[in-house]
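Below, each chain spelled out in residue letters.
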Amino acid sequence: MARAKAEQQQPTTGMTLIVMVGLAIAFLLFMAFLNVVKSGNLLNETNLLFATLIFYAGAGALYLGFGVTGTESYLKFASLATWLGLIANTAAVAHRWYEAGHPPFASVYEMLLSFVWTLAVLTLVAEKKYGVKVIGTVTMPVAIVGVVLMQLLRTDVHPLVPALQSTWLHVHVTLAMLAYAACALSFALAMMFLIQDNLQTETFLAVTSASTLAIYASVVLTRFEKWGGLSLVAWNPEQKSEVFLSRGVRLFVTIPDLGWLLTLTLLVVASPLVFYGLARWKNNDSFLALANRAVFLSILLQVMALVMFLVRARDGRYPSLDADGLFPTSLAASPFILSGLVGGVFISLLYLLLLWRRSDLERLLPSADNLDRITYKTISLAFPLLTLMIAAGAYWANQTWGSYWSWDPKETWAAITWLVYALYLHMRVTRGWRGRRAAYFAIVGFAVVMFTFFGVTYLLPGLHAYA
Amino acid sequence: MAVGLRSLGHKTWRNIASIQTGVILLILVVILSAVGTVVLQRPATEPDEMQSAYSPQVLRILDAVGLTDVFHAWWFLGLLLLVSLCVVAASVDRFPNSWRYFSRPYKYPDESFRRALHPQKSVAIADEESGLVAAERALHSLGFKPERVVRKDHFGIFAERHRISELAVYIVHASLLLIFFGTIVDGLWGWRGYLSLNEGQTSNLVQIRDKSTSTLPFSIRCDAAGQQNYQDGTPKKWWSKLVVVADGRDVQKKEIVVNDPLLYNGVRFYQSSYGLNGKVEKLTLVATPSKGSGEKREIGLAENATVALDADTTVRLAEFFPDYAVRDGQVYKKSNYMENPAVHLVVTSKSAGKGFDVWFPPMEEIADNSKAPYHFEATDLKMGHFTGLQVSHEPGQWGVWSGVVLMGVGLTFVFYVVHVRFWAVPVCDPKTGKYSLWIGGSANRNRDAFEQRFNDLVASMEAELKPIPRISRSEQVATVAGN
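Chains as they are written, first to last, in my numbering: chain A, 1 to 467; chain B, 1 to 483.
If you are wondering where the hints come from, they were derived from the structure by calculation, not from laboratory data. Glycine included, C-beta positions come from ideal geometry on N, C-alpha and C. Hints are supplied without guarantee of correctness; some may be wrong.
Said to hold, decoys possible - Calculated lysine-lysine pairs in the BS3-like style (CA-CA distance at most 30 Å, straight line):
hint	chain 1	residue 1	chain 2	residue 2
1	B	236	B	254
2	B	237	A	410
3	A	410	B	211
4	B	350	B	334
5	B	236	A	410
6	B	254	B	241
7	B	121	A	377
Claimed, not checked - Taking CB as the label site, the calculated pair distances span:
hint	chain 1	residue 1	chain 2	residue 2	range
8	A	103	B	72	44 to 52 Å
9	A	101	B	202	55 to 63 Å
10	A	346	B	27	16 to 24 Å
11	A	199	B	27	33 to 41 Å
12	B	448	A	257	51 to 59 Å
13	A	103	B	27	31 to 39 Å
14	B	7	A	434	33 to 41 Å
15	A	346	B	251	56 to 64 Å
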């Protein structure tokens, strides 16, 4: 009964998604076209990256399209698009390597380039070798986010500063990229497992919307300013620090109108929870369908809020209530809000993924047991790589700074990542954690990896200034 | 009483060795390290930055709890020690079992084991000997060295590979302890410091982190240092030619660059910075006598150096300001950056019995350059450089590196080396009197792949068995007849 209802509701949500993805690709193609016209040179790095993005986006859309409609022929094209994207990606890597004269590992941009490449390769390996055909539904969106981030980050080639001229750097970063890509794969497999394992989506729905609600409630309650503004800490770009009025008192600037947008998002984010509550209270499943639709709407608004936040808080000067004049701010000044917004979109998308459970998808995926085993295998590949990555980094640090371990944030978070996966392995081996709990662990582990990769670089200060 | 104490000790031991304790401790380490990356940390952050970031009350609380220097706080070190203790206890607790497993391999499967084992298979054979021979051949062809197990009333075949895999996890734990040991040794006996040398300077004083200095038993001299730039002006390479001087002799020479330190007596010198030391190495001047028709002369001056211009007159480079400002008729140093340099020369004439101040750039409100007996023109200014060296002594790092290598080996064994065992036992059905060969196998990880291997083995055994029966029956008849 419930399943029949779920299948009735699928087509509409599926259509929305396909239209959204299609529009996005059309937009990207248009941008790429403008870019080619502007530069007059077909084979430069920006165009190669755009090609990569378009193919990966196409692959992602086709994977998603398969997830929604169950048309198996989509998968073939998705795989083809991934191949094409990988070719463009390889060309971009080679171009960068040639231009910079060193492997592309020296900045966040270059590392993302390598990371996305590794991820695509591993996706194809998982597809061909282990027969996890729909793995791209999870890995391709991650790759797309990576390529989009690359567009935001600066792209000019920087010569290597003396500290980076070491073979150990290449060893360290290669291992890091391999390890992180393996972690991403294990995360994707864990998600597939949850889909295959007939997880009760309602509980996940409640948890998802409660946590996004908590994120937006805390942002709006603490930062909503008079007349719909959002107050953020002012940032001093020269000193790379927050601006202080006096001891421990930060200067806040107000970005107009952003407060309204976040409040609106708060209301929409709250609605799935309300519907869920109603469904529980009235014991009526039709409210659950409403809740699922509200989740789609909330993702749309969350993405909008995130984009607006990124656009407006990235730079620009804004007035303050406490001092006269205009002051700059930066994303680095609001680490918690930024990670909150990104995290909100992330968990909502995870929920979205779980909704795609369908009998044809279940048929195409390996059995839950197999997925669980492959997840474990991927982690048992990632863990030694993580260990060696940390060791190579320590050796390099010892050669450069005269100390193999200095507890700088990146090092510390790498160690935390290692510990999280060590915990996973111990729980699995000694406690026999299998299946769902192990899958949750793999998801948490990947979240920590992502924080170590991006979060630490942008949100926490430290020695790893170049990466 | 004594028994109570012993049982208490036993209980504590069991608690420390338990996986729960380990998990709780690791989670604590994770949380506290995460806190340590979010809260600004003391030695790395300047005190005034700390004071501006946190209000006084908050800062006092953070300081009191130790959250402003998490990674050097006693409770954090204590926690790491507890983790080590937990690893030791857990390993010691579980090791005897694994050791028994390792040192006394289970070669002959008894009946209850045979019933429960998966995967297993029974193959019909003509007699015991032919079955065992077939099994041996099949195992040989797979690269195993099968061994006949003969007990009082039964016999069979046992083959195994990579038994060491059973102990791999202890290798990993031991390597972790080795790394901890190395870092503890470094924490107790190691030190890090900074040494700044001008070109040509010799020193043995190292600045340690807490502003104290330490004297090395030898000195280090910098013969030359330099920087190479990329075309866009960003630094490409810093180098220093260093010489170790011990007992008045040069004992070791090396040109160090970033990533390639000099090592002497367990002390390492790392290139860490390079820059202007604010001192003049050589100021080139063209001096022309103000009166008469004396010749132009080019002279070079270092800081505080005096050069004779003629029999009567000398010039001295008295002061140098990399970045100057004038206030109330006085010249001040504004900063150490080469922004706006000024040079103060003193020209002394014996016959006039006094000195004349000369300034570059000319400063009329302070001194009139034209009064001096010589007219100067500055043509070149070469500044002195310093090379910044990180100095460190890490006696425990060999523990760390050997631990890392051992961990690599251990993890390889843990994840990729599988302890595989095969047993073959001939069984006679008491009712029918027919023989069959029971074959069983076990692997300590990666069981799905192992099952495939097991099936392959059984298939090859069956292939070995097929052509044999007729021949072996006649052979057996012969042997029976012979007896």
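Now for the hints, and whether the structure bears them out:
no.: 1; hint: B/236 - B/254; verdict: 19 Å, holds
no.: 2; hint: B/237 - A/410; verdict: 25 Å, holds
no.: 3; hint: A/410 - B/211; verdict: 26 Å, holds
no.: 4; hint: B/350 - B/334; verdict: 34 Å, violated
no.: 5; hint: B/236 - A/410; verdict: 25 Å, holds
no.: 6; hint: B/254 - B/241; verdict: 6 Å, holds
no.: 7; hint: B/121 - A/377; verdict: 28 Å, holds
no.: 8; hint: A/103 - B/72: 44 to 52 Å; verdict: 36 Å, violated
no.: 9; hint: A/101 - B/202: 55 to 63 Å; verdict: 38 Å, violated
no.: 10; hint: A/346 - B/27: 16 to 24 Å; verdict: 23 Å, holds
no.: 11; hint: A/199 - B/27: 33 to 41 Å; verdict: 25 Å, violated
no.: 12; hint: B/448 - A/257: 51 to 59 Å; verdict: 57 Å, holds
no.: 13; hint: A/103 - B/27: 31 to 39 Å; verdict: 37 Å, holds
no.: 14; hint: B/7 - A/434: 33 to 41 Å; verdict: 35 Å, holds
no.: 15; hint: A/346 - B/251: 56 to 64 Å; verdict: 59 Å, holds
Checked against the numbered hints given earlier, the structure breaks hints 4, 8, 9, 11 and satisfies all the rest.
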